[in-house]
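**Student:** Those protein sequences? They're chains A and B, same order as listed. In terms of my numbering, the first sequence has 142 at position 142, counting the first letter as 1, and numbering is strictly consecutive. In terms of my numbering, the second sequence has 98 at position 98, counting the first letter as 1, and numbering is strictly consecutive.
By construction, these hints were calculated from the structure, which means they are not laboratory data. Each residue gets a CB set at the ideal place from its N, CA and C atoms; glycine is no exception. Any given hint might turn out to be false.
Computed Cβ-Cβ distance ranges for the label pairs, DEER-style [to be verified]:
| # | chain 1 | residue 1 | chain 2 | residue 2 | range |
| --- | --- | --- | --- | --- | --- |
| 1 | B | G170 | A | F198 | 44 to 52 Å |
| 2 | B | R32 | A | L76 | 27 to 35 Å |
| 3 | B | D122 | A | Q334 | 39 to 47 Å |
| 4 | B | I124 | A | I242 | 34 to 42 Å |
| 5 | B | R147 | A | I242 | 47 to 55 Å |
| 6 | A | Q334 | B | S130 | 34 to 42 Å |
| 7 | A | F21 | B | R32 | 48 to 56 Å |
| 8 | A | A270 | B | S130 | 39 to 47 Å |
| 9 | B | R32 | A | F5 | 45 to 53 Å |
| 10 | A | N162 | B | K3 | 50 to 58 Å |
| 11 | B | S130 | A | R93 | 32 to 40 Å |
| 12 | A | A297 | B | Q68 | 14 to 22 Å |
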Amino acid sequence: MNHAFASKLAQRAFVIVCILFVLSYLGSRFFTHIDLALYGYIVGTLVFIGGFLYRFSAWAERPPTKLILKKGLKLLFRRGTSKTSAEHLLTYRFIWNRGWFRWTQHFLVGWGCILSALVTFPLVFGWMYFTMEDNGYYHVVAMGIDVMKIKADGLLAYLFYNALNISAFMVIAGVCMALYRRLKNMQARAEQTFFYDFLPLYMLLFVSVTGLALTGVNMFAGGVGHPVLTIIHQFAVIVTLIYLPFGKLAHIPFRPMSVLARNYREHYGAQEQKACKACGTGFVSAEQSADVVEVLAKNDLSFRTEHGYHLAELCLPCRRKYRMFRFTGIPTHQIDAKEANQHANG
Amino acid sequence: MGKQVLYIEMDNCIGCRSCLAACTQCGGHDNRNRNYVMDVDPFHTRQTIPLMCLHCVNPACARSCPAQAIQIADNGAVLSALVEKCIGCQNCTIACPYGIPKFDQEQNLMYKCDLCYDRTKDGIPPMCASVCPTNTLQWIDEAELARKQEQHLLSNGKWVASQPFNPLEGETNVRISLPGILQGREKLF
Chain A
1 MNHAFASKLA QRAFVIVCIL FVLSYLGSRF FTHIDLALYG YIVGTLVFIG
51 GFLYRFSAWA ERPPTKLILK KGLKLLFRRG TSKTSAEHLL TYRFIWNRGW
101 FRWTQHFLVG WGCILSALVT FPLVFGWMYF TMEDNGYYHV VAMGIDVMKI
151 KADGLLAYLF YNALNISAFM VIAGVCMALY RRLKNMQARA EQTFFYDFLP
201 LYMLLFVSVT GLALTGVNMF AGGVGHPVLT IIHQFAVIVT LIYLPFGKLA
251 HIPFRPMSVL ARNYREHYGA QEQKACKACG TGFVSAEQSA DVVEVLAKND
301 LSFRTEHGYH LAELCLPCRR KYRMFRFTGI PTHQIDAKEA NQHANG
Chain B
1 MGKQVLYIEM DNCIGCRSCL AACTQCGGHD NRNRNYVMDV DPFHTRQTIP
51 LMCLHCVNPA CARSCPAQAI QIADNGAVLS ALVEKCIGCQ NCTIACPYGI
101 PKFDQEQNLM YKCDLCYDRT KDGIPPMCAS VCPTNTLQWI DEAELARKQE
151 QHLLSNGKWV ASQPFNPLEG ETNVRISLPG ILQGREKLF
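Take the sequences, apply the hints, and build the full model.
**Tutor:** If you want it as structure tokens, here you go:
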């Protein structure tokens, strides 16, 4: 089986496309409910999968990435994964700790995009559709199963029809906040570039505005230009999807790595702490210390000291003291004195 | 004016810690300093030496980062972790041979000296160098660096070293001269 594919990338692409095909076959009741007006999105998604796998494979081959992926995945079913996942991927608690403004903008953009993806992809692949068997009532069909019956003019139905409008408003508000920050914050202004930082924001804004305009022309202009606008919106979404794995938005599919990293640190940290070779205090898991030494060796970086140990085996204060030794010849790292306070109050 | 570099003349440090205070005030540093002032021989002398990111040409922190969150700017500055990419594994803190990167558990984010990139990209000295009262930290161009180098002809041929061995682990963008280099010289302050 391993020889059936030219590469791992080809194998992964084949498996993912097969899964999509089977899910669509079952979900759309054997292709009887595929919405062909949305076929452009299917093509866009397939190109996205190719691009994502290409980017992912190149990235996963880097020695440090490979290590964390391999060890992190083994620990995936550890206790605490669900809590970490919720905090890192759903509530963005760590961003809240960076500031309420950034959390609000990120929450709006993030959840706006997730919500719209949850509506769009099931519709595109026929995993979800609506039928009207009784007059005035819609049946919501998910994966070929009738899941609920809703009143066509009820509140729930209203939310369903307008889910993409709501998410568009969320994304527009979030993007405007992000743009405001990028125009005002001096640090952001120093480091930002048009293509890395602004382009994805403009793309999301364009997708949201054209999507909202579809509803707008229907409600207020009798549907003038609707066919052209549909194509423009579809084109914008497809370009954004294809671009996603290559720019700043790539942090969306790669963010789950932070859950793996947390598991990796917590699991091995509880097992065995690495004792500093100079002062003896545990400062990191023995596993991670060894892993970093290995990764550095693969990059031809070997920080051996004349005492025979690697610099990654010293705790951080001792490593700084060791540098004083190298600068002056006085063995500061062997003097049993606590490092002076290094935190200035700003 | 050619490329400018941060140059550390360790002999001058008086341990005032102005560089720490100034670091907190750099845009984006969020009132927290990213550099260190180390005691050399704590129970015997008051000698101190400032220690900050030396901005390695081949930075171990970036090589060990699984998320490619540590980028290198056009002026050689090894930047702080990109906030959207950093996954909080702390590999960089273990890898750095000088023990520089700091980690914020709450924000799940590494932060380190970025050579005040918002200033240095426009030729303005980094905060630490702009406040140092004794010229320990200097922001100078390469011509001036060469002039300094000519002044200090050391017996071992390495003008940065008063030590027989190389004090650093590899080539760095920040240049240093070791304590002792100014002995017998008249200082301007």
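**Student:** Does each hint fit the structure? Answer for all of them.
**Tutor:** Results for each hint:
1. For G170 (chain B) paired with F198 (chain A), a C-beta distance near 35 Å fails the hint of 44 to 52 Å.
2. For the pair R32 (chain B) and L76 (chain A), the supplied restraint of 27 to 35 Å holds, since their beta-carbon distance comes to about 34 Å.
3. Checked against the hint of 39 to 47 Å, the C-beta distance between D122 (chain B) and Q334 (chain A) comes to roughly 43 Å, which is consistent with it.
4. Look at I124 (chain B) against I242 (chain A): about 40 Å separates their beta carbons, and that is inside 34 to 42 Å.
5. A hinted range of 47 to 55 Å for the beta carbons of R147 (chain B) and I242 (chain A) is consistent with their spacing of about 53 Å.
6. One distance hint, 34 to 42 Å for the beta-carbon pair Q334 (chain A) and S130 (chain B), holds here, with the actual separation near 35 Å.
7. Separation of F21 (chain A) from R32 (chain B) is about 52 Å and conforms to the stated range, judged on CB atoms against 48 to 56 Å.
8. Between A270 (chain A) and S130 (chain B), the C-beta spacing of about 45 Å keeps the proposed range 39 to 47 Å intact.
9. Distance hint check for R32 (chain B) and F5 (chain A): the Cβ-Cβ separation is about 49 Å, which falls inside the suggested range of 45 to 53 Å.
10. Checked against the hint of 50 to 58 Å, the C-beta distance between N162 (chain A) and K3 (chain B) comes to roughly 56 Å, which is consistent with it.
11. Separated by about 36 Å at the C-beta atoms, S130 (chain B) and R93 (chain A) satisfy the suggested range of 32 to 40 Å.
12. Evaluation of the 14 to 22 Å hint for A297 (chain A) and Q68 (chain B) yields a pass: the beta carbon distance comes to about 19 Å.
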